[in-house]
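All chains should be modelled from the sequences, with the hints used to inform the complete structure.
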Amino acid sequence: MAGTKARERPLSPHLQVYRWAWPMMMSIAHRITGVGLYFGTILIVWWLIAVGSGPGGYSKFTGFINSWFGRLILFGYTWALIHHMLGGIRHLIWDTGRGFEQNEREWLALATLVGSVTLTLVLWIVGYFVIGGAR
Amino acid sequence: MNGDLRTRSDLRTPLARVDGLGSAKSGTDHFWWQRMTAVANVPLTIAFVVIITSLFGRNQAAVQQILGTPIVAIIMLLFIGSITYHMRLGMQIVIEDYVHGQIVRPLLIMANTFFTVVIGLAAAYAMLKLSFGV
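In the order they appear, the protein sequences are chains P and R.
For reference, each letter of the first sequence is one residue, going 1 to 135 in our numbering.
For reference, each letter of the second sequence is one residue, going 1 to 134 in our numbering.
Don't read these hints as lab results, they were simulated from the structure.
Each residue gets a CB set at the ideal place from its N, CA and C atoms; glycine is no exception.
It is possible that part of the hints are untrue.
Facing chain P, from chain R, some residues (calculated, C-beta under 10 Å) [unchecked claim]:
1) R35
2) T53
3) M87
4) D97
5) H100
6) R105
7) T116
8) S131
And the structure:
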């Protein structure tokens with residue numbers, strides 16, 4: 001069979017052929033935040049081990065998390081967690097067979113985004129100005 | 001009527017049809033546990049966020065004392081168990097969607113289980129250690 005070329009197979013249409021829409025972007029965001037949270041659990045484990053290892057080990061953790069880079073990661077983690085949770089609730093609503101109309105899908109997608117950004121900001125404002133500071 | 005349905009189109013044995021487990025023999029387990037842990041994750045995540053926020057800015061001794069309180073420790077352990085199982089299921093889907101190599105794919109699916117078990121066990125161990133103060 002020398003010289004036989006592999007037959008060109010048709011490819012299924014991929015992301016770039018579609019017009020961007022909110023439900024599509026929120027679907028992608030759901031997966032990306034999920035993967036982010038997956039690796040972010042390393043931070044939770046580090047935190048818990050640090051707490052159990054006494055003041056010395058804990059100060060290493062707080063040193064990192066209180067740096068601008070640590071804060072950035074923590075902020076991103078907060079948003080990813082809340083976004084993934086709201087996106088998950090959206091999926092649970094769909095599981096009951098509700099929310100599939102065009103306007104409902106648009107509304108749910110936007111609510112996920114607006115809700116996650118708002119809740120993240122509220123949480124950080126509460127964290128900083130109401131509870132924050134050394135105790 | 002039953003006989004008609006069984007002929008030609010369906011070569012499965014009656015037992016296989018009743019079991020409804022499909023070719024992978026796991027049925028709807030993946031889907032069901034994904035949803036079950038998702039539902040559990042909602043209240044547990046809210047509790048986790050409340051716990052974290054209330055620990056903001058406290059020193060190590062205070063954090064250890066609060067985390068070691070039975071109710072907080074139990075919520076944290078449930079949270080750890082539910083999220084690690086949930087993320088194992090989710091990452092498996094991501095791997096199956098994007099990785100097709102005959103060697104790489106099963107290796108990554110294994111690595112996924114290793115990672116989530118290590119994370120879950122390490123977090124649970126850390127929680128128990130700080131709770132009991134050993």
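Checked hints:
Interface restraint check: R/R35 against chain P, minimum CB-CB distance 7 Å, threshold 10 Å, status holds. Interface restraint check for R/T53: the shortest CB-CB distance to chain P comes to about 5 Å, inside 10 Å, so the restraint holds. Against a cut-off of 10 Å between C-beta atoms, the interface hint on R/M87 holds, since the closest Cβ of chain P lies about 5 Å away. At about 9 Å, the closest approach between the beta carbon of R/D97 and any beta carbon in chain P falls short of 10 Å, and the interface hint on this residue holds.
Hint on R/H100 is violated. Least Cβ distance to chain P is approximately 14 Å, over the 10 Å limit. Of the supplied interface hints, the one on R/R105 is violated, with its beta-carbon coming no nearer than about 17 Å to a beta-carbon of chain P, more than 10 Å. With a cut of 10 Å, the hint placing R/T116 at the interface with chain P holds, because the nearest CB-to-CB distance is about 8 Å. A cut of 10 Å between beta carbons decides the hint on R/S131: the least distance to chain P is about 9 Å, and the hint holds.
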